[in-house]
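S.K.: Just so you know, the protein sequences line up as chains D and Y, in that order. Just so you know, the first sequence maps onto residues 1 to 242 in the numbering used here. Just so you know, the second sequence maps onto residues 1 to 185 in the numbering used here.
By construction, these hints were calculated from the structure, which means they are not laboratory data. Where is the CB? At the ideal position from N, CA and C, for every residue including glycine. Some hints here could point you the wrong way.
Have a look at the derived ranges for each label pair, beta carbon to beta carbon [said to hold, decoys possible]: (1) Y:P87 x D:R177: 28 to 36 Å; (2) Y:G136 x D:L212: 36 to 44 Å; (3) D:R236 x Y:G100: 51 to 59 Å; (4) D:K107 x Y:G136: 50 to 58 Å.
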Amino acid sequence: MFPVAQVGGLAVQVPGLILLAGIWLGIYLSERSLQASKRSQSLNVGDLVFVSLLAGLGGARLGYLIRFPAAFAQSPISVISLNPDLLDPLIGLFTAAIAAVIYGQRKGLLLFPTLDALTPLFAVFTVSWHLSQLASGAGYGLPSDLPWAISLLGANRHPTQIYDALAALAILVFIWRKPRRRLPGETFLIFVSLAAGARLFLDAFDAAAPVLANGWRISQAAAWLILISSFLVLRRFRFQGE
Amino acid sequence: MNLSAKHRFDMLALAALVLGAAWIAITAPAPQELDAARAEPAQGFLAPDFTLGTLSGETLSLADQRGKAVLVNFWASWCAPCRAEMPAMQRVYEKYRDQGFIILAINLANQDGRAGAQAFVDEFGLTFPILLDVDGQVSAAYRLRSLPSSYFIDRNGVIQEVVLGGPMAEALILTRVEQLLGASQ
């Protein structure tokens, strides 16, 4: 675990720094991929991400404020606090998605080619997400006697964050390689399928994942449902005429 | 048998889904695998116990606070974010102390000195217990990496949230304390 780095008198949150680096690298790779494919240049990945992030952060703060109005009534200055713990992640994701859709409509972007263009960003962000979990100690693994187990939280454990990061990196390399001609949306759907498959397999080693009443991990069940959906859509894409 | 691409896709997808469902069922954890009954300074684990002397000359232990919602906060008088968040902590303490909430503010006495800690407490008019980690053992047990560091602990002694760095916004402290107090009702 390496959650904080002391830089002089500043305590820098390492997980946040890793995520920011992931977003930056993801934007760079997405734009490179866009240029290489010589597709329409009306999509500016950086602008889209900026608009979505801004809307997402604002929505996340607003969502938290709506959930706990009394706390903010008592301390109005907290509305502009830099504390990331005062953000509602689900509401933030929702508003970010809405903002992205509105931006896309205004720029006349088509959904599936845009998702394809953003797939490198999603893939890189997934890698950085798991590395940030390694830094914070979140998503820790089940106890293990394997030679590559890491000492974490009082036990030798599966290095699940490393498993996840390596799987995400492998998916990124697979997505990035020059493919046979793909239909619009196919790259994105392949990424979703592979990511869901990785989640379904690797979360078996996760000690921190919440479970359903029958003991099944929620993340694995969700990944399985996402896998079904992506297979169905991919099937429809590939075999439309049949 | 010469299968079309569509049939091959269907068979592979079906195989993946069936194997996936079987994997989920096979790897469902037994309750003891997820048992976080050990003490670790991390969310979801029991908070490591400690017994420390206070500025007022008493002795307090974390284990004696079982049944209360607890905020364990590590601080030092030279730490600017610690200074910034203490007034908010005091206000929240005054609001909820009668509902079973307590703050255990652990001063890094091995770095700060008793006089520095006392001056700080007098400056901010703090009324919650100020504990002195004279030899740094509690800081080591909590793997302290930054100041301030705060641990929100529920009535069962389980850490529900860790906040590294600061200052914590008052709304954050309020919402977390309300969740701790409300969770066991």
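S.K.: Run through the hints listed earlier and report the numbers of any the structure violates, in increasing order.
M.R.: 1
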